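Chemist: Residue 25 in the UniProt record's numbering sits at position 25 of the sequence shown; the count goes up by one each step and never skips.
Just so you know, these hints were derived from the structure itself, not from any lab.
Bear in mind the structure is a predicted one, so any value in this text is a computation, not a measurement.
Be a bit skeptical, because a hint or two may be false.
What follows is a set of in silico ranges between Cβ atoms, one per label pair, in the way DEER data are often shown [said to hold, decoys possible]: (1) Glu20 with Val46: 27 to 33 Å; (2) Thr14 with Ala45: 27 to 33 Å; (3) Pro12 with Asp43: 16 to 22 Å; (4) Ile28 with Ala4: 17 to 23 Å; (5) Val42 with Thr14: 27 to 33 Å; (6) Pro13 with Glu35: 16 to 22 Å; (7) Ala18 with Glu39: 26 to 32 Å; (8) Pro13 with Ala38: 14 to 20 Å; (9) Glu35 with Pro12: 24 to 30 Å; (10) Ala38 with Thr17: 15 to 21 Å.
The beta-carbon is built from N, C-alpha and C at its ideal position, and this holds for glycine as well.
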Amino acid sequence: GTNAAVVGAIGPPTAATAEELGIDVDVIPDDADFESLAEAVVDAAVGGVEVDESTSGT
1 GTNAAVVGAI
11 GPPTAATAEE
21 LGIDVDVIPD
31 DADFESLAEA
41 VVDAAVGGVE
51 VDESTSGT
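Given only the sequences and the hints, what does the whole structure look like? Please build it.
Modeler: Here is the structure:
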């Protein structure tokens, strides 16, 4: 994606337009609705975060 952001597109046509404009799309949900897009972006963002368990307080 752009910088450290996770970029999502609601469907392939939107992703194609974004990529034509030079925006790298990281996530396209299976269902073309906002809820699916939001879930996919959050999953991608959280999945990309490494947690240092030695500093988690446990």
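Chemist: Now look at each hint and say whether the structure bears it out.
Modeler: These are the hints, each one checked on the structure:
1. At about 29 Å, the beta-carbon gap between Glu20 and Val46 stays in the expected band of 27 to 33 Å.
2. Between Thr14 and Ala45 the C-beta distance comes to about 19 Å, which lies outside the given range of 27 to 33 Å.
3. Restraint check, Pro12 to Asp43: a C-beta distance of roughly 19 Å satisfies the suggested window 16 to 22 Å.
4. Ile28 and Ala4 have their C-beta atoms about 19 Å apart, which keeps the hinted 17 to 23 Å range intact.
5. For the pair Val42 and Thr14, the beta carbons lie near 18 Å from each other, so the given range of 27 to 33 Å is not met.
6. Distance hint for Pro13 and Glu35: a CB-CB separation of about 19 Å, consistent with the stated range 16 to 22 Å.
7. Restraint check, Ala18 to Glu39: a C-beta distance of roughly 19 Å breaks the suggested window 26 to 32 Å.
8. The given range of 14 to 20 Å is respected by Pro13 and Ala38, whose C-beta atoms sit roughly 19 Å from each other.
9. Checking the proposed 24 to 30 Å range against Glu35 and Pro12 shows it is violated: the Cβ atoms sit about 18 Å from each other.
10. About 20 Å separates the C-beta atoms of Ala38 and Thr17, a value consistent with the hinted range of 15 to 21 Å.
Figure legend: structure checked against the earlier numbered hints; hints not met, in rising order: 2, 5, 7, 9.
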